[in-house]
Amino acid sequence: MTRIASVLRRIKTDAAAPVMALVFAVAASSVVLLVAGSNPIQAYSDMLKHASKLETMIDILNRATPLFIAGIAAAIGFRMNLFNIGVEGQYLLAALVAAHVGGLVHLPAPLHIALILLVAMSVGAAYSGVAGVLKVTKGVHEVISTIMLNAIATSGLIVAGLQAWQAGGGLGGNVTRVGTTPIDESGRLPNLNGFVEIFTRDIGRDRELTGVLVVAIAVGVAYHVIVGRSRFGFDLRASGANPFAAHVGGIPPKRMIVTAMVLSGAVAGLVGMTEIMDGGVFPANPIQGLGFAGIAVALLGRNSAIGALVAALIFAFLDISSGILQNTGSASREIVQIMQGLIILAAVVAYQVTERARAREEAKAAATALAAVAS
Amino acid sequence: MSALRNLPGWARWCLYATIGMLVLDVVQGFDDTDLLTSEGASRAMLRWGLPILLAGLGGLFAERCGVVNIGLEGMMVLGTWFGAWGALEFGAWWGLLLGALGGALGGLLHALATVQFGVDHVISGVAINILGPGLARFLSSEIFNQKYKDVGGSITQSPRVPTVGRMTFPFLSGGDLFGWTTPDFLGWFTGKDWFLVSDITGFARGLTSNMSWVTVFTLALLPFCTWLLWRTRFGLRLRISGERPEAGEVQGVNIYLYKYIGVAISGALAGLGGAFIASGELSGVYKEGQTAGRGFIGLAALIFGNWRPSGIFAGAMLFGYPFALDLQDLEGKASHALMLVTAIALFAIMVWAIVRKNRTDAILAGVLAGLALLWYLLADTLPDWWAAILPYVIVLVVLIFFTKRLRPPAAAGRPYRKGGG
Chain A
1 MTRIASVLRR IKTDAAAPVM ALVFAVAASS VVLLVAGSNP IQAYSDMLKH ASKLETMIDI
61 LNRATPLFIA GIAAAIGFRM NLFNIGVEGQ YLLAALVAAH VGGLVHLPAP LHIALILLVA
121 MSVGAAYSGV AGVLKVTKGV HEVISTIMLN AIATSGLIVA GLQAWQAGGG LGGNVTRVGT
181 TPIDESGRLP NLNGFVEIFT RDIGRDRELT GVLVVAIAVG VAYHVIVGRS RFGFDLRASG
241 ANPFAAHVGG IPPKRMIVTA MVLSGAVAGL VGMTEIMDGG VFPANPIQGL GFAGIAVALL
301 GRNSAIGALV AALIFAFLDI SSGILQNTGS ASREIVQIMQ GLIILAAVVA YQVTERARAR
361 EEAKAAATAL AAVAS
Chain B
1001 MSALRNLPGW ARWCLYATIG MLVLDVVQGF DDTDLLTSEG ASRAMLRWGL PILLAGLGGL
1061 FAERCGVVNI GLEGMMVLGT WFGAWGALEF GAWWGLLLGA LGGALGGLLH ALATVQFGVD
1121 HVISGVAINI LGPGLARFLS SEIFNQKYKD VGGSITQSPR VPTVGRMTFP FLSGGDLFGW
1181 TTPDFLGWFT GKDWFLVSDI TGFARGLTSN MSWVTVFTLA LLPFCTWLLW RTRFGLRLRI
1241 SGERPEAGEV QGVNIYLYKY IGVAISGALA GLGGAFIASG ELSGVYKEGQ TAGRGFIGLA
1301 ALIFGNWRPS GIFAGAMLFG YPFALDLQDL EGKASHALML VTAIALFAIM VWAIVRKNRT
1361 DAILAGVLAG LALLWYLLAD TLPDWWAAIL PYVIVLVVLI FFTKRLRPPA AAGRPYRKGG
1421 G
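Chains as they are written, first to last, in the numbering used here: chain A, 1 to 375; chain B, 1001 to 1421.
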């Protein structure tokens, strides 16, 4: 019984800050909506009603999948006090190269899929590794180098790749951009509709639950086990908490930095898989911003797999809800972006405040304990 | 080298500029173009460089008071929106003011999170970069898409905004002075077609003629910021907040207050940069995504300039230059010539590394220089994306070779609690 009670208490303390943040964000957004002349209650009830439909849930899961993977990628860095701001560039570059390679080769299904995933992970890892190597050899701060690498990827390498690998030959003159050569059916993960429909009614409106969800779950479980339960995960967390102590304890700091960056980049490489596995191509206008959203997901979820899952679902729910606001006209759809920004800002403030309160309490408890011993 | 160091600052910068012009002059000869030193190129460089300068100065104020500001981009986005809206509602100058205020709003939010609540600076900055564009989009849907719908407004765009007037410097470039047209001194030299001299004057003429009053105002901000930070009591206190806040605290400086002010100024400058982008000087319209990462380039200019205003100016111009050239360069000759300049610069770094007996750096620079030279020789023109990424590449190169020589404010990014030292 005591064990259950302690678990409950832990959930309560862990969840207090994010719940506070959510309440604050909803309240602040309501003020914005009221000022803009919309009815917030109406807007929220429209959003919730829409989200309770099966098809919308599929949409939310499809959106949450890349957000969750991006969140885990960022969390790996955060666990080691490394800011991998470069998830954005890493996933776009990885998806581009993986789509190109996947479109070139013809293989049986499992091999084809494995190859695409492997290429994506390697490209992400290599690009992220550059920042890691620069940090340990030249002392370049990873925030700055990954910002620069992001820009080089999005406005340079992606453009170059799209021009060179355009389906049906390179880009010349006024050819419409269509993205890379389509990947064979063997290279795409099948959708999970059949699995979902065992439990529910048939999924309508041509919605398909992305097969990459399985990859995301695998990434989440692997992250949870490796970081939380393995020797390597301990080393990682120790180096993040106190690099000097960890170094004295025999953990090579430089190698840990590069390893963490490479792992983070490898996971980041998988973010774009929903897009290329479902559509079969790296489109001329890929979805951008998932990397930065992933950082938000990691922060909101406090770098834990479960937390990132909840955070990814919240962000996905908000993203998908924007559409229904547009349809019903109860509020401007852009309010969800403001809500996302507010949630993340409120969450980091709330974490900081509770963290400081806890530290104060611990110090007080230690002081009383010491006083009791001394007397 | 030591003789060079003994020169006063302005003389050293003049020398660098002349050497730079000489290199550009010689190099463009190979590619049979005169765009590299043309009047149009320098004018466009100024227009493209100034928002970067403003963002960089914004970064300077934040980091000098000890707060890392990754949120410059988001604050700049707020600046573009408020700048365009203010210009539409009240007039062009009000647009600049409101743009700065909009950015300052973002800065205050950043200060609230980082200074008051002690949130990690990078995290808060990332949040502001998400919030800023969201807010701009929401406001557009509420205002540009409703009140201004009939005149071309939409969720992603404003109607055309009014612009402030232009001026030409009297005497230097033949501007009017109280109704009298002064002689065009630089123009006269440019017309003579003398080697180097005419190129320098032509280039300078682009920087002194037909420029918007916004540009003049922004250029005046540069010496003002230098004076404010290094010659006033306010500046000293602001800088100690970023170097040794505990020492300042002992002296009775209200560190929190100076951090708040510094970050608010930072946001205001970034916002002004945004308003500049939306003003008639650059685009004349608010458009979603028009900052195009210039907040980050400003951060790059800050690092390139070693956290000093003159260096930031040099960086901003250097980063604005390829953009400017790209616009004029229809045949691709100029960016091709620029690749040779890049190769020469990398060879110079290699020589510098050899003199300093740093073998790995010398080899690395040599390899990079060789690659640049090879690209120059093999390709006739360069792809259009090269100009877009050049600033970032330059900063990476600077970071790779000169990180140990850079000196950021000692306490930048470090959390500070009153009485915690």
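What the hints contain is simulated information worked out from the structure, not anything from laboratory work. Watch out, some of these pointers could steer you wrong.
[Claimed, not checked] Each computed DMTMM-like pair below joins lysine to aspartate or glutamate, with the alpha-carbon atoms no more than 20 Å apart: (1) B:K1418 to A:E55; (2) A:K138 to B:D1361; (3) A:K135 to B:D1361.
Hint numbers contradicted by this structure: 1
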